[in-house]
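Please arrange chain U on chain V, whose structure you already have, making use of the hints.
Protein sequence lines, in the order shown, are assigned to chains V and U. Just so we're aligned, residue 1 is where the first sequence starts under this note's numbering, counting upward by one. Just so we're aligned, residue 1 is where the second sequence starts under this note's numbering, counting upward by one.
Source of the hints: derived by calculation from the structure; they are not laboratory data. This structure is a prediction, so every number in the text was calculated from the model and none was measured. Note that beta-carbon positions come from the ideal geometry of N, C-alpha and C, so glycine has one too. Treat the hints loosely; a few may be bogus.
[To be verified] No farther apart than 27 angstroms at their CA atoms in a straight line, the calculated lysine-lysine pairs in the DSS-like style are these: (1) U:80 / U:341; (2) V:541 / U:204; (3) V:455 / V:138; (4) U:201 / V:541; (5) V:338 / V:263; (6) V:197 / U:190; (7) V:248 / V:454; (8) V:457 / U:190; (9) V:641 / V:138.
[Said to hold, decoys possible] Across the chosen pairs, the derived CB separations fall in these ranges: (10) V:383 / U:301: 35 to 41 angstroms; (11) U:251 / V:214: 31 to 37 angstroms; (12) U:251 / V:246: 25 to 31 angstroms; (13) U:279 / V:64: 53 to 59 angstroms; (14) V:674 / U:174: 44 to 50 angstroms; (15) V:590 / U:301: 35 to 41 angstroms; (16) U:242 / V:449: 30 to 36 angstroms; (17) V:194 / U:425: 56 to 62 angstroms; (18) U:247 / V:194: 29 to 35 angstroms; (19) V:59 / U:426: 35 to 41 angstroms.
[To be verified] Pulled a few chain V residues facing chain U out of the computed Cβ check, cut under 10 angstroms: (20) 128; (21) 171; (22) 174; (23) 324; (24) 497; (25) 706.
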Amino acid sequence: MIFKRNATPVKISLLFFLSLACTLPHGVANADSNPVLIPEGPRKILRDYCSDCHSQSNQEADINLDVEEISWTDRERTELWEKVLFNNQHGLMPPQDHDQPSPEERKVLSAWLDSQLTTHIKVGGTPPRRLNQAEYLKTLRELLYMHDYELPPGFPGDSEANGFDNSGEGLVMSASHMASYAQVASEVADLLYPQPKQSVPSKIQKGGVDDLVLSFSASAVKDGKLRLASKARDIMRSCTWPQQHQAKMSGVYRITVEGSVFKPRDGDLPMTLEIRARQVSASERSVISNFRFLKDLDFSSQSGQSQTFEAELYEGETLSFRWKNAEFDHNDLKATVKLMTEWFNEDRRWLAAWQQAVFPRGLKKRTPIQTLRGLNGWNVISEALNDPNLDMSEATMDSAETKELLRILSTVGGGTHNLGDALCHYYFNNGPSLQLHGYTIEGPFRLVDSDIDKKYKQIAKQIAGTEKGELSNEAYARNMLERFLPRAFRRPVDDTTTEAFLSIATEHWRQGHSFNEGMHLLMRNILISPQFLYRSLRPGKLDDHDLAARLSYFFTQGPPDRQLNDLAHAGKLTETEELQRQAMRLMPTSRDHPLVQNFTGQWLDTRGLRSIMPDPEFKFGEREISVAKAEVELFFTDMIKGNRPLRDFVDPDFMWTTPYFAEKIYQIKNMKGRRDKLQRITIPRGSRHGGLLGMSAIMMTTANGVDTQPVLRGVWVMENILGMTTPEPPDDVPALTPDIRGTTTPREMLMAHTNETACASCHQHIDPLGFVLENFDPVGQWRESWPGTDRKINASVVLPDGSPINDVIDLKKWLVRNEVVFSKNLAEKLMVYGTGRKLNYAERKEIDSIVRHNHANDAGFRELILALIASDTFRTK
Amino acid sequence: MIPFIHSTLDRRKFLCGASGCVALPTLDIFAEDRSSDTQTSESPDRPKNFVAIGTYLGWHQKAFYPSQTGTDYEMPATLKPISEYRGDFTVFSGLDHRAGNGHNNWSNFLCGSQPGTYSFDQLLADHIGQHSRFASLQLTTGSGENRTGKGAMNFSKENIYLPMMRRPSVLYRQMFITNEDRIRTEYLLKSGRSSLDHVVKEAKRLNASLPVNDREKLDEYFHSVRSLESRMARQLTTLDAPVTDPGYQLPENDPITPNLQMEASVIMYDLIAIALDCGLTRVATLFLDGLGQVFTIDGRALSSGYHGLSHHGNDPAMIADLILLDTAHVECFAHFLQTLKQKKGANGKSLLDETIVLLGTGMGDASRHSNRDLPTLVAGGGFQHRGHVATANRPDTLLGDLYITIAQSLGLEIDAFSNAKRNMNEVIS
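For reference, chain V alone in the conformation it holds in the complex:
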């Protein structure tokens, strides 16, 4: 997400630390005692210290704190008072040049506000959550057993809110979303409940030998007949098929083939013509078993005979012909060698001719086998056969040339393919061969289902739990609804709902529409119904079914599987132990797990890596970007699998990388193994590499591919590592153009705008966090000096809490000391992702206590996730 933050100085509200408290709460309880009178103690403090600026008559920043009572049902007022509490706790208000309350007074105000917020703000408040694009697709596939279904092009995407694309707030429903849902619903209904096939008039199509495909040396036309020679399974070496014919409709066709035998020897009869159905679009590289068998026809007549049979051809199919019991088989090396050994033994002239073709000037001067392929090879061999002066000197079975010739024939490329194709022409000219004279295809006489039709019929049956059979339309639809609606809506469905849906179909049938049309309409309706498209539709504590859905979408982006559904039905999932057992079952074990992909991709912005396009000078292309992304995902997966302490996100003793990448990016030279193999290596703690702040992907996503942007990195660290949001600049602050000409290092450029007093007060907080990472270039390679200069990078900074930080290693140490801050940030982000809402006062309090408990017990990341899943925050709408 390169545009998420600006490259030039981001103007940030001076009170950006306030933003910790700026997360807007949703769940405000409908308390009975509202509004609440402010007791005299807090009231006096507010009057004495706040109302100079924030009163009815003087509403600085549109804020009036000179009030008698607070309505805790008013969301905006609640947010305001939460900020008042925060500012009071941290001494951020009143401004320093105003009278300050005493510590005791601050305590009184804080205590009262905290008790009020705790009383009035309840956990929960996720708005109805539309399935996002990925969830929708996965849900459809599971629901309809269509695992290869793809959304149509132009399907609208989702907007993000609170940093994730699965937040209820961001998942708006627009007219185009609805139009696309309707389109998809119609598409899948077409597959399940197709229109009746329009019967096409039966047609007769005749074809002669010229209408048949000649492929390599699989066939040849001689004396007006098409001759076949090999029974190879590679269809391009053995088969022929009509060039023009294609079944327009799946149906029964009457097929007539006229054929004959050419120069059969003893035992060759009958010759069997095998007929299969091939997709016209099938690859030439298909093998015979890819095609559906239709019929074997035996031929014995030399003058020709017609044989007729009926078979089903599916839409898009035509016939394929093969001589099934031919003597020669390209694909059978042993049989080929045996055949040729016997043949050479019987006919030494035949042997001498092959020797002449392959070794025209002895063993040392072998003709390139390629040139002897097919008809070319056959011409050379037959010329030798007809040569009265053919050299017979080597034509013994034990000569070196014979042995070499048989060896070549026993190889795939040289022997059976090249020379084999030449051998075919012997058969074409001399027999034995099976000959085709022509074919007639007539039909369709009766329409039938293709394999694809059958597949979707099977799915329709699976969805309804029954076949239509003798059932009435209504009985079938009721069956289908009772089975399908609970799956589509992810919970039991009451009779009223079922009947209401049923009436859609029955009404349609009453109007004279067909069975399939009624079912089609029903399916179209179910798939645009709000209960299918949304989750989080029932207020309060999640019941078993809603909890199953929340858990399932959190881990898999898809609907609950059978095990979760069974537990939900049994009412077991709301038992914390079972819930956590299921969470353990669904926990990521590999990096392609949806939670790993989607959570890290959005939390750490690695989704946007592919659009960054680093400057060519870094030699950092597709391959490197894939490795960088994989490193993050493997690392995150390992943190879960290994239940690592959360500080390992910052300063671990391991990392994932490839030997190539380790050397190029991290200057780690001693890795073993294949250069592109991702592997886990042990590193000393306190290294500059390893951990989130030492990874190429993170340094990339916080730069623009060309230059580093310390401000951007600073903002990124604040938001994603420390969990502080940086508010948008207010409208009334004009944009500043820092004139950076004349500065030669990024540090000087930064100084140029921190000299602007309007920027300085914020940038002194942000810039150190980004500046200390200046040793990482835009793709995360370590550097000592700035590009294009010999000026050494001095990355030392002082954090606003006074901590001197020399480099990234110091920063890591500082973060490890403040592990709880990082953990809370990660825990909150996981819960925003899991619940689809902003967290409110009560929820942040709960998470805070979970994180502290986890920290105090030295528990790991997986335990933290399990504790979060058991929390009220996760288990409440």
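Relative to the frame of chain V, chain U by itself:
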């Protein structure tokens, strides 16, 4: 605990960023009569169209604005490709919506002072687009993915962003439906439309059990269903008036990679011209996105990606490359003007005369993320064009004033748009 707290303080910033939630419409909006097309059938002229084109990363102002005002000006570098149409357009400098700065406020281009709200194109479409196959077309080129949310350009009356199409082939398929599809489409539309009431009923039942805040969310759903319904109704009426496929040759693959932005733009311009000419729509927008794509112009790869160049920091070499890029956009635009000019209606007027083309952006100066002074150009539309109109000396003039003039010229009876309360008819009409 928070690791560090600094008590730097500014009371003015207290509460900044806490924005109110967006009010969503109630259902009775659907009862509203939308047929307010004011064109009379006596006029031999075709009704006027509107096209807006916006670049995400702005236009380098100094190369976009002529140094002189009035009609006798020297063509600035960026606009050189459209020199030959100088009588057909007016350049405006100094206009903006007084919206917030930064990329997040880009959509002020068509939304006015409140980014992410009812955009000008949709306002027009709601008035003049209701009788065409497409009330409006939203297209984009050069984007890595569909822009959504705040990054979008077009917002419905309910402040919901509209996705943009980036595949020409998809657009084309929607523009020209085949005869065989017609009967089936009609059945699907009619049956689908009649059963929509059912899902609305279901949603209402759900709604009753939801907290008040959540009902806003389902209001989005109601609205979407109703829009789908009216879209179906419109499709049903246009099904009876088929349009002949002009057989435009699309490339085998859609040029959707950001580097092929110029190629894609030319095709999108062509398709817009066809859509207008065939009466498929009267309102179209084209969003020219800007990512990190490095363009090669005249055989040379530019010194940085598009986004990198836009942050030129006053570096002359980077500015030069940025101008080359802006000029390449205008070359595509020149092709569009040429196409519109060549297409003549039965009345002999060119499509350009019947189409108001707005070329602009929501970002005044990307290098400093300023949304003041948005480079703006209006072409065609039968206006008496005025060369370069500089409004710097009249600081109270808003870009919205120009939009009101455009809207009135399209037959809308409005006298306010966003923060603007007057028209600019005395400057251009």
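Numbers of unmet hints, in rising order: As far as the earlier hints go, 10 and 23 are violated by this structure, in ascending order.
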